[in-house]
Structure formats: C-alpha cells, structure tokens
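Engineer: So you can see what is in the structure, the chains are spelled out below.
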Amino acid sequence: MIAVCLKWVQPHGAADDRFAGISAADQSALELALRTAEARGDEVLAVTVGPVGAERALRDALACGATRAVRIATEPGVSSLRTATALAAEVDAADVVWCGDYSADRGSGSVPAFLAARLGIDQALGLIDIEINGNGSHIRAVRRLDGGRREVLSVTGRAVLSVEGSTARLRRAPLRSVITADAASITVRPLESPDISAADLVPYRPRARVLPAPASANALDRVRALTDTGAAPSRTETVVLEPAAAARRILDALRDWGYLT
Amino acid sequence: MSRFDADAIVVGAGPAGSCAALALARAGKNVILVERGPFAGSKNMYGGVVYPRILDELVPNWWETAPVQRWVVRRSTMILADDNAFTIDYRTPSWGRPPYNGATAYRPDFDHWLSRQAVAAGATLVTSTTVTGLLRDPAGRVNGVRTDRPDGDLSAPIVIACDGVNSFLAKEAGLYTATDAANFTVGVKETLALPRSVIEERFGVRDDHGVDIEILGGTSGVNGGGFIYTNLETVSLGVVLKLPKLTAQSKRPEEIIAGLKRHPAIAPLIEGATVQEYSAHVIPEAGLSMMPTMVTDGMLVAGDAAALCLAAGIWLEGVNFAMASGMYAGRAAAAAIDQGDVSAKGLAGYTKLLEESFVLADHRKLKDIPGLVLSDRVQQKYPGFVTSVIERVFRVDNPNPKPGLRRIVREERKRAGIKLGDLLRDGWKGMRGFG
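Line by line, the protein sequences give chains F and A. Position 212 (the first sequence) corresponds to 217 in our numbering; numbering is contiguous. Position 78 (the second sequence) corresponds to 83 in our numbering; numbering is contiguous.
Source of the hints: derived by calculation from the structure; they are not laboratory data. Keep in mind the model is a prediction, meaning the values are calculated, not measured. Virtual Cβ for every residue (Gly too), placed ideally from N, Cα, C.
For each label pair, taking beta carbons as the anchor points, the in silico distance ranges come out as:
#1 A/R201 with F/R145: 52 to 60 Å
#2 A/R8 with F/E43: 27 to 35 Å
#3 A/D156 with F/V57: 24 to 32 Å
Based on the sequences and whatever the hints tell you, model everything.
Structural biologist: In structure tokens:
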C-alpha cells in the first residue's frame with residue numbers, strides 16, 4: 006500500500022474555509038503517491054489529521070484516484086509529534102509514505118521526520134526531484150543540500166518521502182470522480198495518541214542543591230568559588246616561533262580549546 | 006437513475022445559478038451546479054447593492070444569515086459637473102431594520118453563502134470546473150455540457166445557463182442574435198480601505214447602516230456614471246463606462262476613476278483611503294433591447310447571461326434579477342421534468358414566470374430608460390446645466406435682484422447649448438419611461 010499524508014491548511018482560520026486547502030507540496034505528494042501506486046498496481050490511502058473541513062482534501066484525493074481516505078479528527082494546532090504518532094498508526098502497513106516537505110501554515114516540516122521515526126523506517130526529506138521506475142519498485146530521489154549541492158538517493162525499501170511543491174503537478178480529477186467523491190464515505194477516527202505534556206518538552210535542568218557558603222574572606226574569591234566552572238579564563242598571547250614549532254603550538258592550542266581531539 | 010447524470014445542470018454558481026439549483030433541489034430534483042472558481046463568488050467583483058427581497062420565497066429570514074456589509078439606509082443621487090455637485094439625498098432608518106431593503110455585500114461572501122443554501126437543499130456543487138460547451142442529442146436538443154475536466158461530459162435533460170454576462174452557452178445555443186458593444190458597459194471599481202469610524206463619520210451612518218451614492222457626470226466626458234457604496238471597513242468607488250465611448254477617447258478607466266476621486270465633492274469622502282483592490286467587469290446595460298431568447302429545447306438562460314440587469318438611472322439592480330430569474334428557471338425546469346416535456350414548449354413556463362413578475366415587467370416598463378440615461382445629452386450637457394441652474398438659484402448676487410427661476414433655466418439652457426425641443430422631448434421620454 007502507498008500512503009499520502011495531507012495537511013488541511015486554513016489561511017483565514019476556522020471560520021472561513023473558502024481559501025482552505027492543501028499546500029502545493031502536499032499536492033505534489035498526492036500526485037507522486039498516485040503515480041507510485043499506478044506503477045505498482047497498488048492502492049493509495051490518503052490520511053489527514055484535522056477538522057471536518059479537511060475532508061474536502063480527502064475528497065479531492067479520492068476524486069484524483071486515491072483508494073481510501075481516513076481523517077483523524079482533531080482541531081487545528083495539534084503538535085507535530087502527536088500528528089505523526091496518529092498518522093503512524095494509520096499508515097503502518099504502507100510501503101511508501103508520501104508527504105509534502107512542509108505545510109503552508111506552520112511549516113516546521115517536522116511531521117515526516119517524526120513519522121519515519123515512529124514507523125522505524127527510512128526517510129528522505131525535502132526532495133526536489135523524483136523518478137519512479139516502470140514497476141514502481143525503485144524511486145530515484147534528489148535531495149537539496151547546503152551550498153547548492155545535491156544528494157541522489159535510491160529508495161527501494163519502506164520509506165517516508167517528503168517532497169517540495171515543484172516535484173509534480175497534481176492531475177485534474179475526472180468530473181465523474183469529483184461527483185462520486187462528493188458522496189464517498191470517509192473513515193473518521195478519533196485522535197488517540199496522547200498529548201505530550203509541556204513538562205516533557207522542557208530541556209533538562211539539574212535540580213537546585215544546597216552548597217556550603219565559600220570560606221574565603223575575599224568577596225571575589227567567594228563569587229569565583231560559586232560560579233567558576235574550572236575552565237581556564239581566555240587570554241590573548243603573542244609568541245614568536247619557528248614555523249614548525251608555531252604549527253605545533255597552534256595544534257596544541259586547538260586541542261586545548263577542544264577543536265581537535 | 007435514468008441515462009442522465011442528473012435531472013438538471015446549472016452552469017455558474019452566482020446568484021442566478023445558486024437560486025436555480027436551490028429551487029430545483031427543493032423540488033426534489035437531482036441537480037448539479039458547476040462553478041469555474043474554487044468557490045462560489047470567487048470570480049466576482051461586483052461592489053454594488055443587493056436587494057434580496059425575492060429571497061423571502063427561497064430563504065425565509067435570509068437577513069439573519071446572509072453575509073452583508075451594511076444595510077443601505079441612505080440613497081443619494083449626485084450630479085457632478087466640473088467642480089460642483091448637486092445631490093438628492095434620501096434616508097430612512099426603516100431600511101435598517103427587518104425585513105430590510107438593500108445591502109452592500111462582498112459578493113465572494115454573499116455568493117458563497119447562497120451556494121451553501123443550494124448545497125444544504127441537496128444540490129451537488131462542483132467547483133474549479135469550467136463548462137466549455139453544450140452537448141446535444143441527435144435531434145439538436147441540448148442535453149448536457151462539456152467541461153474542461155478529464156471525462157468531463159455531463160448529461161441532463163435540462164441545462165440552465167447562468168454563466169454571466171457575455172454568456173458563451175447562450176451564444177452557442179444561438180439565443181443571442183448579435184453582439185453589439187454598444188449594449189455593454191465596463192464597470193471599474195476600487196475598493197478603498199478606511200477605518201470603520203471614519204466611514205461612519207463621513208457618510209453620517211452608524212452601526213451596520215450604509216450609503217449608496219449614484220453619480221451622473223464625473224466620468225471625464227465618457228458616457229456612463231459613477232458610484233460609491235459603503236462597506237464595513239471599505240468604500241467601493243467606481244465608474245461604469247459605455248464601451249464604444251470609452252474606446253473612442255484616449256483616457257483609460259483608471260484615469261477616469263482617478264478624476265472622479267479628485268472631484269471636490271468626492272475627494273473629502275475618501276481622503277486618506279488606501280486602495281485594496283482594483284477590478285473591472287463587463288455589464289449588460291441595454292435592458293430589454295439586448296435580451297436573448299430565454300428558452301430553447303433543453304435549455305434556459307438566467308441572470309446576466311440573459312442580460313437581466315437593470316441600469317435605469319435611479320434604479321441600478323442586477324443581483325435581484327439574477328436571483329429571481331434563477332429561481333423561476335429552476336421552478337420552470339422542475340415543472341417541465343414533472344410534465345415529461347423539456348422542449349422549448351415544455352419550458353415556456355419560464356418566460357411566463359418572468360413576464361408575470363418584476364423581472365420582465367420592470368424591464369418592459371423601463372425599456373427606454375437605459376438608452377436615455379446613457380444618451381449624449383443626458384451625459385454631456387444636462388449635468389452642467391442642472392448644477393449651473395442650482396448654483397444660480399442659491400447664489401446671492403446682491404445688490405442685483407434675484408433673476409427668477411424661469412430666466413435662470415432659459416439662460417443656462419442656452420449657455421449649455423440645449424435646444425428647448427430636445428429638453429422637452431427628453432423630459433417627456435423620462436416621464437413616460439419611468440412610468
């Protein structure tokens with residue numbers, strides 16, 4: 006099974022859904038999911054986590070050729086981790102999970118990564134070019150790296166793939182499919198994954214502990230005793246050496262400062 | 006189900022289309038409403054007043070849910086000359102209370118709302134789909150539409166074309182004889198943002214009450230008119246320009262709007278406003294004389310597509326004609342389906358409903374007015390004549406005695422180069438035409 010995860014974006018909030026829809030990246034993901042499934046002779050599951058209006062995205066997906074559609078019911082604003090956990094339960098049987106690289110609203114782009122982690126399968130994120138071979142068993146994916154460099158990935162096993170909006174243009178749904186999809190049944194499931202409490206997300210901080218008052222009579226010494234981490238204070242030093250000795254000295258300094266091991 | 010995809014297909018989810026679909030769905034018919042935009046109203050730029058009285062028949066207490074901007078409680082007709090203006094102003098708080106009279110509305114809001122009424126009644130709305138042509142059976146009767154989607158043919162015994170001004174479907178069906186640019190105007194509008202309190206101070210209204218100002222003159226010599234409508238936090242200001250006259254001179258529509266905005270009577274109303282939107286649309290303004298045949302075998306035409314737009318000077322209406330004609334088209338179609346006769350004869354009930362209601366009655370009564378209002382004398386000579394008469398009536402020119410009204414009219418008429426015969430003729434035409 007091929008899965009595609011679609012995020013319902015409401016640029017004007019919940020009260021006005023006229024401009025709501027899925028991001029260009031999600032449209033590409035849907036198109037690529039359909040192409041992969043066509044090549045493999047497989048079915049496509051479209052999943053969204055969102056309010057009832059998000060079913061329009063699923064109906065569009067069904068009209069374009071998705072086989073099944075599931076909405077995990079929630080209000081907008083659920084954290085990426087929770088969204089990914091809910092999606093993972095739905096798509097755990099999928100061979101390839103397609104996602105948009107990030108949505109047009111919050112756009113942290115973290116759901117695909119969390120999803121891959123939850124599913125325990127490979128991930129290839131932020132892809133800019135996709136080629137699917139004849140029987141859909143091999144996907145050649147190009148990933149954008151820093152400095153204009155590219156990474157070419159060969160995907161043959163199970164993976165979560167997230168794509169940019171330029172990778173594929175979503176096909177136009179046939180008219181009759183649009184009309185049938187309007188009345189198609191959509192599975193709705195409650196969001197069961199537990200919310201991650203704020204306390205779990207706070208960075209590690211050691212507990213406060215009682216220290217004996219420093220003994221010194223000098224105030225500066227007492228402050229140092231309380232705050233000194235033991236690191237040597239930085240200082241500037243000018244030395245004149247022979248080239249070979251200078252190189253050794255630089256290397257030693259870098260080692261001291263922790264830049265070399 | 007029969008060999009058809011639906012009982013009826015309505016093309017265009019504007020006020021005409023949504024009301025047609027609503028009427029058909031209420032009659033228990035399976036109706037598909039096809040809209041080219043991503044949602045109903047998304048392609049609309051109309052900035053005028055909607056008079057939804059006819060909706061009493063379709064959506065009881067529509068004013069409780071319809072998304073309007075301001076209820077019009079004040080109507081002004083302004084006559085503009087070079088730097089002066091004469092305004093007739095009427096206001097009543099009763100138009101600001103249920104059941105209301107007219108309202109300014111953003112049509113992307115209003116049309117969307119109306120289309121949801123049709124969907125709630127059971128119509129199927131298909132958006133982002135453009136109808137590209139008609140389908141016909143071997144006998145030549147219309148029995149469906151072709152759309153731009155793959156597998157895009159839809160069949161139904163009846164097609165109701167509500168595809169707006171310059172209707173390609175009505176033309177394809179041969180319902181229009183010829184297209185004459187002189188029958189059309191182009192409406193050009195700026196949506197100007199001002200704080201709500203500023204609008205209420207400048208236009209003298211409170212709460213959700215608003216103003217409708219219609220302007221004669223001020224269009225840089227191009228036959229047409231101007232308008233100002235107050236929305237909650239914007240003012241719609243624009244001009245309507247007769248096409249042949251617009252093309253016969255060198256000014257562009259935005260320059261003509263700029264000229265109107267600079268007029269001393271207009272400038273203080275919109276000072277400090279920022280332009281949020283500029284849009285333009287063609288309007289069928291010639292009334293009865295340009296209307297197509299409304300009915301053919303398997304097809305009806307409603308709304309702007311049928312040129313059902315009333316541009317009769319003091320009455321500028323269109324959305325109500327669209328809603329009513331759509332509703333009647335839907336009802337006539339439902340009746341024809343029940344009778345099992347969707348030929349032009351079976352659908353003739355539509356024309357009858359239009360004739361019996363204001364839709365065609367108003368147009369018949371006012372058939373000479375659009376031509377008169379856009380005529381050269383009314384446009385070029387009368388505004389200056391009227392304002393100069395008013396100026397002299399109100400000017401105190403002591404120690405000279407007051408000249409007397411008759412003398413002022415005679416002198417100003419001569420100065421404006423208006424022949425007495427023409428003035429009397431136009432006056433008589435107006436008296437008769439306005440009924």
